[in-house]
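Top line first, the protein sequences correspond to chains A, B, C and D. In terms of the working numbering, the first sequence opens at residue 42 and continues consecutively. In terms of the working numbering, the second sequence opens at residue 8 and continues consecutively. In terms of the working numbering, the third sequence opens at residue -9 and continues consecutively. In terms of the working numbering, the fourth sequence opens at residue 229 and continues consecutively.
Do not take every clue at face value.
[Claimed, not checked] In silico SDA-like pairs for lysine to any residue, Cα to Cα no more than 20 Å straight-line:
id: 1; chain 1: C; residue 1: K274; chain 2: B; residue 2: F139
id: 2; chain 1: C; residue 1: K922; chain 2: D; residue 2: G623
id: 3; chain 1: C; residue 1: K125; chain 2: D; residue 2: P343
id: 4; chain 1: D; residue 1: K497; chain 2: C; residue 2: P134
id: 5; chain 1: B; residue 1: K151; chain 2: D; residue 2: Y396
id: 6; chain 1: D; residue 1: K246; chain 2: C; residue 2: F116
id: 7; chain 1: C; residue 1: K621; chain 2: B; residue 2: L15
id: 8; chain 1: C; residue 1: K125; chain 2: C; residue 2: R137
id: 9; chain 1: C; residue 1: K682; chain 2: C; residue 2: G786
id: 10; chain 1: D; residue 1: K497; chain 2: C; residue 2: W94
id: 11; chain 1: A; residue 1: K125; chain 2: C; residue 2: F736
[Unchecked claim] To give an idea of the interface, some chain B residues facing chain A are shown, with a C-beta separation under 10 Å as derived from the structure:
id: 12; residue: W76
id: 13; residue: P79
id: 14; residue: I138
id: 15; residue: R146
[Unchecked claim] Ranges between beta-carbon positions, derived for each pair:
id: 16; chain 1: C; residue 1: A469; chain 2: B; residue 2: R21; range: 43 to 51 Å
id: 17; chain 1: D; residue 1: G247; chain 2: C; residue 2: H378; range: 31 to 39 Å
id: 18; chain 1: C; residue 1: Q952; chain 2: B; residue 2: R21; range: 53 to 61 Å
id: 19; chain 1: C; residue 1: A824; chain 2: B; residue 2: L102; range: 38 to 46 Å
id: 20; chain 1: D; residue 1: G455; chain 2: C; residue 2: S382; range: 57 to 65 Å
id: 21; chain 1: C; residue 1: Q952; chain 2: B; residue 2: E89; range: 49 to 57 Å
id: 22; chain 1: B; residue 1: N70; chain 2: C; residue 2: T680; range: 38 to 46 Å
id: 23; chain 1: B; residue 1: D10; chain 2: C; residue 2: H738; range: 44 to 52 Å
id: 24; chain 1: C; residue 1: E148; chain 2: B; residue 2: L20; range: 31 to 39 Å
Keep in mind the hints are simulated off the structure, nothing from the lab. Here the structure is a predicted model, which means the values were calculated and not measured. Every residue, glycine too, gets a C-beta built ideally from N, C-alpha and C.
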Amino acid sequence: MLLIYCPYCEEERSELEFRHGGDAHIARPANIADITDEAFQDYFFLRDNPKGLIFERWRHIHGCGRFFNAARDTVSDRFFASYKAGEPKPDLPGVAPASEKTVETYEATEGNAQ
Amino acid sequence: MADTALRLPPLGLRHGGSAAARVTPAAPATRLSLRAGPEALDALSAAFGLTLPTRPKGSALANGRHALWLGPDEWLLIDENEADLMAVAAGASALHSATDISHRNTAILVSGPAAAGAIASACPLDLGNAIFPVGAAARTVLGKIEIVLFRSGEEDYRVECWRSFAPYAFGLLSEGAEDAGL
Amino acid sequence: MSGANRIAGQGRLTPARTARFTFDGVSYEALAGDTVASALIANGVHLVGRSFKYHRPRGILSAGAEEPNALVDVARDAARRQPNVRATVQEVFDGMKVESQNRWPSLSFDIGGINDFFSPFFAAGFYYKTFMWPKAAWEKLYEPFIRRAAGLGVAPTEADPDHYASRYAYCDVLVVGAGVAGLSAALAAAEAGARVILCDEQPEAGGALHFDTSVTIDGKPGYDWAQATAARLAAMENVTVLSRTTAFGYYNHNFVGLAERVTDHLARPDRKLPRERLWQVRAKRVILATGSIERHMVFANNDRPGIMLASAARTYLNHFGVAVGRKVGVYTANDSAYEAAFDLKRAGVTVAAIVDSRDKPGEAVLAEARKLGIEVLTGHSVVNTKGHRRVSSMSVARNGGGAARWIAVDALLMSAGWTPSVHLFSQSRGKVAYDAASGRFLPGTYAQDCLSVGSCNGTDGLQATIEEALAAGELMARATGNEGGAKVELSGENAFEWSGGMAGAGEGAGVDTTVKAFVDFQHDVCAKDIRLAVREGMHSIEHIKRFTTTGMATDQGKLSNIHGLAIASEVLNREIPKIGLTTFRAPYTPVTFGTLISHSRGELFDPARKTPMHAWEEAHGAVFEDVGNWKRAWYYPRAGETMHDAVNRECRTVREAAGVFDASTLGKIEVVGPDAATFLNLMYTNAWDTLKPGRCRYGIMLREDGFVYDDGVVGRLAEDRFHVTTTTGGAPRVMHHMEDYLQTEFPHLKVWLTSTTEQWAVIAVQGPKAREIIAPLVEGIDLSNEAFPHMSVREGKICGVPTRLFRMSFTGEAGYEVNVPADYGQAVLEAIWARAEPLGACAYGTETMHVLRAEKGYIIVGQDTDGTVTPYDAGVGWAVSKKKTDFVGIRGLKRPDLVKEGRKQLVGLLTKDPTVVLEEGAQIVADPNQPKPMTMLGHVTSSYWSENCGRSIALALVAGGQARMGQTLYVPMPDRTIAVEVSDMVFIDKEGGRLNG
Amino acid sequence: MRKYSVFAVAREAMRGHKGWEAQWASPEPRKEYDVVIVGAGGHGLGAAYYLAKEHGITNVAVIEKGWLGGGNTGRNTTIIRSNYLYDESMDIYEHSLKLWEGLSQDLNYNVMYSPRGVMMLSHNVHDKQSFQRHVHANRLHGIDNEWLTPEQAKAYCPPLDISATARYPINGAALQRRGGTARHDAVAWGYARAASDRGVHVIQNCEVKGIRRGQDGAVTGVETSKGFIGAKKIGVSASGHNSVIMAMADVKLPLHSVPLQALVSEPMKPIFPCVVMSNSVHAYISQSDKGELVIGAGTDQYNSYSQTGGLQIITHTLDAICELFPMFRRVKMMRQWGGITDNTPDRSAIQGVTPVPNLFVNCGWGTGGFKATPGSAHLFAYLIARGEPHKLAAGLTLDRFRTGRLIDEAAAAAVAH
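Chain A on its own, in the form it takes in the complex (with noise of 0.2 Å):
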């Protein structure tokens, strides 16, 4: 069960009190009306799924009830940074961006098994 930082409560709360939103900085098109079945479907249907940094959004729904979005690692787990909704990405030194280029060794996530 994940330790969460709420940038509004400014604590760390216990997991239950929220709810993932999905993908953070995906913006509705403001002329969504208007635009093509491709581009619909990049922006309702695919996502990049990161092995490693992800900025995601969460809810704290059982808690102040703001969405806010977090950066994490999702081979870790662990977080980087938690921000408030309408805050850009935050600059994370020393964090490499998620890239299929360099892929996570399979002991990272497997345990020592080969």
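We have chain A; now place chains B, C and D onto it with these hints.
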């Protein structure tokens, strides 16, 4: 003209818990869900006769009227004297939203030396003195339901929940109180 | 006498305090504090169980949680029976009934033992290669046979009458393990002022000090120091000491699950006490002081009763005062086992010989052995044993194939060295590293804020352990902001430093493929099985594990993992770290489901939500149905009525007179603010700015992909205040959905949302006499059609209390929905009922509501629609604004497949035979005689007998339904085919005149 | 390859099992293959097997970063059924079920397919409507699925508590008698052995690090930890890691990967005869041949590639299990674990061509991949061999997210896979 309808609170006259953690339904109160931006705080504070807290987990008390911080633009107001809070809110000119939730919520009081233990049987909040001191309030969960927890004294807690969840909350707190009191 | 093998003057139990228990029906005496294992050995019982596969006779191997053999069934009474209990952990209580497992007809004569004879046929993985012919025999013959043979204990068959408790806890430092290392670390952390939780699986602190009597700390015997230190910690305000408490799982972000056994050791527990208590600890820092586990030696027939770990024999002697034999052999590859021989010898037990596979044991232990006159055979191995129900002799040979000689023994103690318990560290996702020098896997890279100390960290030596633990305790306390206290100092002494150890098959395991040298005792995995697995291409340790099932028994490989790995390493000719460990999974030791679920049972399993009028409904005979978490009145049968009768009567009564209905469960959201209408414009397909205060409108809400998400009537109370209703089941998700858009897409809008579902009790009064019923009760609202037309809302009073009175209808009749503050609901209902009943009205439930709305063609989202239906499909396309440039779902709704011809559309269905009522969910076809798989056009979503229509009616989603009006389609049922005609969805009062009644 | 049989076992028993050969070869990779399949789980190995057996394509490598069968194939609760709602789902799962029925004989490897019946409990009127919709659709499609009264359900599964006072009383059940379980490892091993026997290379401990493409955009091979391996065609079937692999070819998919947890109890003598699923209370349970209760829990709510998850997911499932079977409160959890599932927005799989020529994908099986193994593998082989989907898999293509032709089993029925 019919007789005025009688009020029937959800928990009736139940009691539970243990000597070390008593669990009792709170008396009826009026409650308000108050929503407003920072620019309205002074006017609203003046109207309600207390300073609306702006820090997480903060609360304010004046003449039996509590204001609990629930979120950056959200307060739960509880008036134990059953004052008409909607009327008070209507008197404030600043932009806000006030919704009467007096009957939506009900409250359970947990008190005694094992009160914190009783609540900790199902609530994942850290109830340590340093982090949840007297006067602290937070929306959180209790077992499978949402509650607002308010610490009103060293050994006194108020658990606010929606009325249909109250029997569940009461049962859970009673079991927790039995165990915490052992 | 509590057993012939009890040695006067030995051990820490009090001879005067006894308890009686039975094992397989025979009564025995034990001492308070005994485990089942110590009590059985004290009474000369060595055969206690049968192995999983070969049904080999098995005894007690260990004195702790790692026990693979001595699993028994323990009962307090018929319902309080627990299978697969480790006899080495379970404390005896007076009146306890213990039964052996996995044997028939008896433990000493077990028919299943024949498996041992046929074991050559049951090599690892044999079942993958056979039982395939004839095909049907697998299910009918082979599998049932395998199933009966497998399994250990017998599952409980009665509901568990015990209760379980739970506690969330926070601390600065959680210390797991209360041996030397754990106690030292906890003391240092606690003295520095940290909030500390210290837990240990045993009843008393001390860990290895239970058996290791050669240790002194601060001048006290080690065990006494441990008790004093635990007591000192327990007395500190900032410390919680939990005994009989196993840290079973280490989860994300320093979340650790502990299982505390509260009453299973008590003869007559207070009924208020929970059986077990789950602790869910969130620790800022964790110190793992989990110690290490002694390994057995792998050699031929190393599994006979009486063969056990050397440290276990020492525990039985030094703690329980029980001699495990009278003539004991020792087979070891490290020094620690010598101390077992010394202790036994001093207690008067004959030590036949110490057989040491090493050529050069530690000098100190050799010298002591000489002094005590114990024969030591270095460079020798035990290569076989004899004895059926108990070991009777061991065969010893010089390494390298010397001649073997048999030595009579009645117990054989073994030790291949110590395996650090890195289970929790590994669960924390830390990476272990192999230390080639000591042949151990040790904590390597940490993934969470924790530290390992003592022997689980590979730290050898008493003083080194103490110093490491004290430093860690202080460091963790400081790291969590504690600055108090003086530095703790401790000094310890012990008689011998231990060295040595080996992993893998000993000389006596042979290369012969028939030798049974057990690696995993419970699952009967031998060295030869691991070799076979490798031969068959299983080169990953995970493959070997799964193919042989080594490490997959209830002990999860605590003894066997390293041996299995070493044997694989030898056969594959690859170093151990190149083969790797299997992943450690929670729980460390098995945890009862009851503990994990704690309070969640019966009424506390899942809240049953009841409306404010529930008691009234119950008193008036309502039968309830589950809708989400709600209990809703379903129908109100009168004496002698079936459900069908009751619903017919209710349906008729509502249309002829009136009915009252509890609609409180509908979701309600108060939408307030200057931009409320703008916001609703975005959330619903309809246009809201045109709705005047005091009026209501039916709204459709879509997901962004264009499918119907929810619906409900929305009333505008003021320019800036709307009363939104949602479906009963949809209330929480609609609220979340709206908050999502409001906070993240449209944060500029000045509007706030508040759930008011439970603020209002809602009493629907529907039917021609509705107005007559409520009129005298209402104050301040003109109820005339002109002043208060259909789809309006007014605020006023009813029965002297505030109401939001809606003029609306889900029945097609003129009607009202009376909203009153919830606590008044029952009283207002009573007042309404007092007027309604004399006027011939009835109370009706959800079933009647469903029929009445279906007669009018009103849809129920979630029943007539699923997540694949657009408003156009559902026949409510009129509610989609053509003028708005944006609302959620506007784009999704235009996608090619959503505007395609031939989509499933909601229509009415009339059976050709009006008395036939279709089954909801039944499928519809055009040609009932086509072969399977048939082309299905759609399905029946709602279907009822309509008393008011005098026939059955149904709604259905049918491909191209609107274009099929009047067509005959078919509903093929298992026993007949039903012909239906596609019709309009409105079956009664098509003009809607009754609404204005 | 040596045929497995009771006679072979008996013969080997007499000589200490010294004669068994490796079940599959462990070759070094060739420079180039006609087909490289990424992911040696049941789907990938099976596809290789069917490529060799039915399409005559034997110059095939299945590459796997860890040990074969180590992903979701070896981590799931092994439930097999085909009583889905939509034609697309029924087609593929029924195709799979038919292959399950003869798989042990086809592979000469006992995968222990055990048609012990899968029963889905209905707890309320809504469940009943939904399950009966399935029952009828299945019947007209030619798939067995029947509606049981509570008493019939109890007769089929005696441990069931059907008392009306339960928090979620049981008002009926849907039963697919041909549904059941199989031995998960055996499926991977059986396919690996049979594929290897037909010349397929199974290359373990070989991690894909990139997908190389030619000037025409078509794939030319994979960069791996064992060097570059050329490939005329590539099929990706890497369960939770499909997004990561496909991103190497710049293909974005509608997937999110979440941990799915499961647990087993200690082994006990036979007590539980079938598979029981309950959607309303979120639980599924069966008993393995070894005697363990095998219990499927839920997924964590957040994307994660960690094969662990929160304790609350496990306890939530056990709540429900113990409510349905109060006798199990004294049973002990012996081991819990997690696998990474890749999930699509409509909870149905994607199998089809991709925008990259000669790159094929098989993904999004979510929590339902095991039961699909032989069917998915069989149709994936067809897709790779022919370059176009088999008609039974034609609905599973990627373009449905653009057009809106979703196969939303979850939305339609809210039935957990």
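Hint check results:
no.	hint	in the structure
1	K274/C with F139/B	holds (17 Å)
2	K922/C with G623/D	holds (19 Å)
3	K125/C with P343/D	holds (12 Å)
4	K497/D with P134/C	holds (11 Å)
5	K151/B with Y396/D	holds (16 Å)
6	K246/D with F116/C	holds (13 Å)
7	K621/C with L15/B	holds (19 Å)
8	K125/C with R137/C	holds (18 Å)
9	K682/C with G786/C	holds (18 Å)
10	K497/D with W94/C	holds (13 Å)
11	K125/A with F736/C	holds (15 Å)
12	W76	holds (8 Å)
13	P79	holds (5 Å)
14	I138	holds (8 Å)
15	R146	holds (5 Å)
16	A469/C with R21/B: 43 to 51 Å	holds (46 Å)
17	G247/D with H378/C: 31 to 39 Å	holds (32 Å)
18	Q952/C with R21/B: 53 to 61 Å	holds (55 Å)
19	A824/C with L102/B: 38 to 46 Å	holds (44 Å)
20	G455/D with S382/C: 57 to 65 Å	holds (60 Å)
21	Q952/C with E89/B: 49 to 57 Å	holds (56 Å)
22	N70/B with T680/C: 38 to 46 Å	holds (45 Å)
23	D10/B with H738/C: 44 to 52 Å	holds (49 Å)
24	E148/C with L20/B: 31 to 39 Å	holds (35 Å)
Every hint, counting from the list given before, is met by this structure.
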